[in-house]
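Asks: Chains as they are written, first to last, in numbering that gives the first Met the number 0: chain F, 0 to 681; chain X, 0 to 318; chain U, 0 to 221.
Among the clues, some could well be false.
Coverage of chain F stretches by chain U, computed from C-beta distances (three or more under 8 Å per stretch; other residues unrestricted) [stated by the list, open to error]:
{"#": "1", "segment": "426 to 436"}
{"#": "2", "segment": "660 to 674"}
What follows is a list of derived Cβ distance ranges for each label pair [as the list claims (entries may be wrong)]:
{"#": "3", "chain 1": "U", "residue 1": "S32", "chain 2": "F", "residue 2": "L619", "range": "36 to 46 Å"}
{"#": "4", "chain 1": "U", "residue 1": "R81", "chain 2": "X", "residue 2": "T203", "range": "40 to 50 Å"}
{"#": "5", "chain 1": "X", "residue 1": "T208", "chain 2": "U", "residue 2": "R81", "range": "54 to 64 Å"}
Bear in mind the hints are in silico, worked out from the structure with no lab data behind them. Model, not experiment: these values are computed from the prediction. Note that the Cβ used here is the ideal one computed from N, Cα and C, for glycine as well.
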Amino acid sequence: MHLLASTSCSLQLALAAMFSVLLAALLSPCLGKRSDLQRLAISLLIALSGALAIAAGISGLLGDTAAATLPIGLPWLPMHIHIDALAAFFMLTIGVLLMPVGIYSVGYMKSFTANGQSLAQLGIFLPLFALGMEGVVMADDAYAFMVFWELMSVSSYFLVTWEHAHEQNRRAGFLYLLMAHLAGLLILGSFAVLYAASGSFTFAGMRGGELSAGMATAAFLLAAFGFGMKAGVVPLHAWLPEAHPVAPSNASALMSGIMLKVAIFGFIRVTWDLVGSDAFIWWWGGLLLAAGSSSALGGVLMALQQHDLKRLLAYHSVENIGIILIGLGLAMIFAAAGHPLIAALGLIAALYHTINHALFKGLLFMGAGAVLHATGSRDMESMGGLIRHMPITAALFLVASISIAALPPFNGFVSEWLTFQTALLTPELDNTLLAALIPFSASMLALAGALAAACFVKVFGIVFQGNARSKAAEQAHEVDRWMQIGMAIPALFCLLLGVLPTLFIPLIDSVPQLLIHHSLAASVQAGHWLWLTPISAERAAYAAPLLITGLLLVGGLLYWRLHRRNNRILRGSVWSCGHPHLNPRMQYTATSFSQPLRRIFSGIYQPDKHLGNAYEDHPLIVRKIAYAVHVKDLAFDKLYRPIGTATHHLADRIAREHGRGMHAYLAYIFISIIALLIWIAR
Amino acid sequence: MKQTLTLWLLNLLQASLMLLVAPLLAGIVRKFKARLQNRRGASLLQPYQDLRKLFSKESLFADNSSWIFRTAPVVIFTATLLAASIVPIIVVDLPSAMIADVIAMTALLALARFWIALAAMDIGTAFGGMGASREMTFSALAEPAMLMGVFVMSLGAHSTNLSTMVHFALNLHHLHPSVAFALAALLMVSVAENGRIPIDNPTTHLELTMIHEAMILEYSGRHLALIEWAAQIKLLLFASLIISLFAPWGIAETIGLLPILIALGCWFAKIILLAAAVAMLESALAKIRLFEVPNYLFTAFVLAFLGMLVHYILEVGVQ
Amino acid sequence: MNQLMFIQEAISIAASLMLLISFALLAQHRLLSVLHWFSAQGIVLAITTLLVALISDHDELYFSAAMTLLLKGALLPWLLWRIIMKMHIHREVEPMVNMPVTMMIALGLVLVSFHIALPIEAISDLATHNTLAIATATVFLGMLMMITRKKAVTQVIGFLSIENALFFTAIGATHGMPMIVEIGVAFDVLIAAIIFGLFFTQMRSTFDSLDIEEIEAKAKRR
């Protein structure tokens, strides 16, 4: 095995990471009889793989890059793997979540074995899923990429259909498989274009290919739609909120936390690396920006209306993928306009958010899993008051909530701040259309961030605070140590990445160096390790360590002052306007919390309300009021179904347009004038 | 080294000034309003006495309240105070402007808001949930307008660092229409963020209309005092921010006793003017309907966006 | 030179006011406030004309400034006000598309006009060349107002504001049209306003409404 003797330490670590999950998948059926050992082996091997991936990623980012050829594959096309800065970064991203999820799984899967459920399906496909993701990242030719990509897609299908007794889950799984394959087809198309230009399937060969502008655009569009579909970009996201919630929580954490990131990786690999940043055209970035803004806003707006906890989190993944895309789009625009330094900043912002999202979304899904474990339900309307029964889970969930809401001093804020700083450099562009559109999408990002904060006040407030809304919530219990540790690790990383961005950014700086031959290191650390100064200190600075010191110092002092021993706090029952006692049904629910937004954005939601009143004998005396509201995903009704029927109605419509009134005619004339003017002005 | 120490000390001084003057601003606004209504009004120092009274009273918590409820006043107060210490009011180029730029400052305020909304959800009363829901909704809708306003200012200043932005405003010799648009937008947002009329009424306890008050109904004693104080600091913060961004004249650009005294006087005079303006507006306007608030905030956003377009068209354009 | 700079800046401010007023016209819920803003538009237009007159050597611009002020700032709004009062239609504006969407379209239109006016601005060397994009935008916004409003009166105001905007464009692009054209247009507009007045009365008596949609529905039924 010349591989193990290969030159690079990072490559060996990465291979060891892949081998350890492969081992888990192979070992799992052998241990079928001894489910406890099986559970422990699978989980710990996954955790080990994560730890090895972290090590591989860090050493790869530090410059230890290498390539190798695996002795498997087609006779004329062996599998090439490599680890460069980009692969290393994504190995790190996979690792930081895979390791805690592995540890978490030890405790989480205990409930399955306790219920007598077989771990056979989970035990094979969970490690294979991890293997697929690691393999995609390591791939150095299109063939290896696609093989691992399909391994990832197919094995995750089995995770989605894990509880296949429910028909709904089978439907979600089918939709997922369909979209995954459509995505795979488009990605294959993208590689085909690159192959046509270069005559090679290896990435090294593709990089050298001569792409015409048309072919580059074709490769970009195919990759954007293919990977976008897999990443859940609006409006191609419809499968995501169906599939993610039904998988077991540790698998959902991986799917939302890193599988979507692998799609982002693929997109970066194909566009930035294989097509190359020299071939960029400004409207590519504009397209990404538009897709990113609509995903960010659309995702969070839909999330706000969910009361299935995991479904809500799945919609938040759509939002965060949007934020990453905004960063990538900005980077692409600036790279196309010849501002590599700003492009590097945008890329760093996107990558930073990528790893951030992996951490906090993974943590949130693990937290949701803990809640599901404790209460047996995903429905937020039946929860409440869990902070008293599950204090540690609650605290860790809160950390993730603050992070995802982009609030200081946690990590989500850093990446959004960097994205804003990139957007604020718009005046450097000559393109007037972009100069106005970038601030617009930046403000949509601000809106999405603030709505995410609203959404997580709702989640945390409804699930963990207030009074229990069901018996199960009342009797909830804290999860075991394994799960707590599994959740504590990403929480710690959230804090570290939030406080020490100046140490982390130089580490991932080798990625923009690889892709656009520009790095941020000089300006980021120009001030000091304390101050994060993306471009220059006069422009903007953020000193997270000082900020958190200030928060802790002043806050701690105040808290001590407020709660000294002789300052007792009286306890009493809540005053309830003279009503004898408050009961949990009087609380605000998840549905009522989001009512104002439902009303404000009713044009987007088009809520379907049902009010069923039951009366006593007299129509003025109400006995019971039933209120139900359903918000469906517009993408289904407004995009998918219409595509099928649109062609049928086209002819009818043209005929009907002639019957419109004066306004329409005025509008036609006006629109044609504008179109002509734009055309003339070109 | 000594220089740095002086700067930090000045920074500390500035923060304490914010801390101490904040209740006075509330008093001034109230006094102006009373006068406009032909009343004599309470003493200017009344807010201080209110705070003292609350601090000396014991706090009463609900049985089922969690640690979130206990820590919320502290987090709110700390975050607001830190945000306030970033705004240059007397001396420009202080080190705290390096700690957080204007975006980080709004994020600190958002942290405070996040926590107060959580505290409102803590007990499980309907009022708390209602307040939290409304506050988070409307503050979210205010965010794009706020960011766009800041964006317009940073287009000219090429920075989001508040010190640099103050320098830009000081060197603004031309009349820039875009700045006027941004000012209008930020004023509108400030009114909304501080829960003043016409968005919210800080003195109301009518459940149909209240937003901020609904969230803090369950607080009492010294915990309530901290929250009230934080709200006063926030008002002063926004007033100072608007002064610093749009009318920083008089602020000390060098360190010395005389410039600092002049700056202090100027800042105080401008604060009083703003307080008068707030009082006039609050007396003249009626609170708008709850679901008119989105339109109001949208108007602010449109103004800020127009400011940006006007900047590109008229101020950059083709020279 | 300093004075020239100052006037240029004043023209910029006037231009941004024109833009603001166009948005305000779109945002109003009540007919009377629409009228107020329309009158304000006339006044800003007159001021702009005056400012341009100060920096150019076209003396007749002073006359046209005075005429604009009288006609568009006072006479036309007064005529419309009388019509509104007489017909008791001062209540609602009734947009066809809701306000936020209208506003977003309007912002997009400003962007588009900026985009298409840039090449023209580049070849102009007049002091007012920067205002061209705004002038185009105000024309567009007037059209948008005509398209998105139901009531005939608001459409007329939209039409008149387009005329204002065209005038503004002319001033910005070429320092005004020839005097004779301007006077001609001014009288046309005046007569148009009077005819509109008669027209409204006629419409009201025939269809019992000034709502275009209703009128269309009724006309179809006949």
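Asks: All hints are to be evaluated individually against the structure, with a verdict given for each.
Replies: Results of checking the hints against the structure:
Given as covered by chain U, the segment 426 to 436 of chain F passes the check, having 4 residues with a CB less than 8 Å from a CB of that chain where 3 are the minimum. Beta-carbon proximity to chain U at under 8 Å applies to 7 residues in the segment 660 to 674 of chain F; the threshold of 3 is reached and the given coverage holds. For the pair U/S32 and F/L619, the supplied restraint of 36 to 46 Å holds, since their beta-carbon distance comes to about 41 Å. For the pair U/R81 and X/T203, the beta carbons lie near 43 Å from each other, so the given range of 40 to 50 Å is met.
With their beta carbons about 40 Å apart, X/T208 and U/R81 fall outside the hinted range of 54 to 64 Å.
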